[in-house]
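*Asks:* With chain A's structure known, arrange chain B on it following the hints.
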Amino acid sequence: MAEVKLHGRWSSPYVYRVIWALKLKGIPYEYIEEDLFNKGPLLLQYNPVHKKVPVLVHGGKPICESMIIVEYIEQTWPQNPLLPNNPYERAMARFWVKFADDNTDKDSPFWLLFRSSGEKQEKAIKESLEILKVVEEHGLGEKKFFGGDKIGIVDIAFVEFAYWLGFIEEIVGVKLLDAHAFPRLHAWQKNLKEVPVIKENLPDHGEMLVYFKWRREMLMASQ
Amino acid sequence: MAKNDVKLLGVWASPFVMRARISLNIKSVNYEFLEETVGSKSELLLQSNPVHKKVPVLIHGDKPICESLVIVQYIDEVWTSGPSILSTDHYDRAIQRFWAAYLDDKWFPAMRRIRGAQGEERQELVDQVVEGLALLEEAFGKYSKGKAFFGGDQIGFIDIAFGSLLGWLRVTEKLGEVKLLDEAKTPGLVKWAESFCADAAVKSVMPETEKLIEFSKLLMAKMKGAPPPKN
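Going down the list, the protein sequences come from chains A and B. Using this note's numbering, the first residue of the first sequence is number 1, and each one after it goes up by one. Using this note's numbering, the first residue of the second sequence is number 1001, and each one after it goes up by one.
So that you can see chain A by itself, here it is in the shape it has in the complex:
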């Protein structure tokens, strides 16, 4: 099998999307940690357009953008499928993958509330709750995972809700994914973290707390 390498950063949710996909399919890979303040020449060569992680390199060929990488992994290694067989259900899954990408990225209300205070933050909190409501009602519904009984591509796409959101909540002191307001999503979060592959592949809790605290302090200081 051709070599698989993953260029990533220890704290990036997008990198973890790829790690989970690789681990769920049992694909061996070499991990290369990138320093985003000092980007390696290989990264710049592999991702000249965005200069970002994650980048998957398979047999020397780079693939960029986390969910595009996950789709590539899904097609190339079909064991333990992450996408349904049926085209309509695949379209549903891809709809929610896009929703996750569009509504949990760095410009989303979740991160805006982390970067702001006062009125701006209030507005971001309100918008974040609206997003959670849509996902709870329309996305997850009565299912255990977005993928049904097993984790699928949409569960992977909502990586931010699985773990990173918790740090935003803790550092800012705001509970968003509340068990009363969002019982199904809250249960999903718990269930996901109990899946062995996920549990064993999360960035260290302590280190994340330190990192998030530092980031919040820097952001508030620069305002």
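You can trust all of the hints, since none of them are fake.
Some chain B residues close to chain A (C-beta under 10 angstroms, calculated; not the full set): (1) VAL1051; (2) HIS1052; (3) TYR1074; (4) GLU1077; (5) ARG1097.
Below, simulated PhoX-like cross-link-like pairs (lysine-lysine); rule was C-alpha separation at most 25 angstroms, straight line: (6) A:LYS5 <-> A:LYS39; (7) B:LYS1063 <-> B:LYS1053; (8) B:LYS1063 <-> A:LYS144; (9) B:LYS1063 <-> A:LYS133; (10) A:LYS143 <-> B:LYS1053; (11) B:LYS1142 <-> A:LYS51; (12) B:LYS1211 <-> B:LYS1054; (13) A:LYS23 <-> A:LYS61; (14) A:LYS39 <-> B:LYS1106; (15) A:LYS51 <-> A:LYS61; (16) B:LYS1053 <-> A:LYS106; (17) A:LYS144 <-> A:LYS133; (18) B:LYS1106 <-> A:LYS51.
Residues of chain B clear of chain A, computed beta-carbon distances all greater than 10 angstroms: (19) SER1040; (20) TRP1168; (21) ALA1193.
No lab work stands behind these hints: they were computed from the structure. All residues carry an ideal CB built from backbone N, CA and C; glycine is no exception.
*Replies:* Only chain B this time, still in chain A's reference frame:
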């Protein structure tokens, strides 16, 4: 599921709706086009796309599919007798998805903002769009391999994602009084644009630039609260 029960909810001016129409044309699928009235949303639209309440929505049988590129991929997967829109090669497919995402996430949003922007911000947006076109020119050179389209001899995923935006590119150039697609800088793309617009699957669904310009003026006036321009 009856393959001939296909409806598309859309508006004539939307590049995203155009993507679905081109794809259906490529596969020679008969469909009913249900035009939404601008400024109001039909019951069918609200029911079929409760999350975003937007067009395009493809309704196949009674099942709605939303998001233009998701629709294009669905069409490609269901109607397998027509030419392929996405590559069968996994790596090439990832490249196609990459450029479609780049267009939707970075390039088009920047281009849309040019007309409403001023001064330094406007210049930055123009620079971004022009730089993006240079990247796309390079990609075109690489992937077309001397043929007419990003997809080679036939229109493919990148052609559809990018070509559907040409109408609004021209509107921005005309009303924004700015040259974006320049023969001197991106000759490959200029030629590609001609081929794309002349293609049988595209011709009948590409809105006329003049009509788009009028539509755009109307939209801008509505946004500013002024009465629509008299023409």
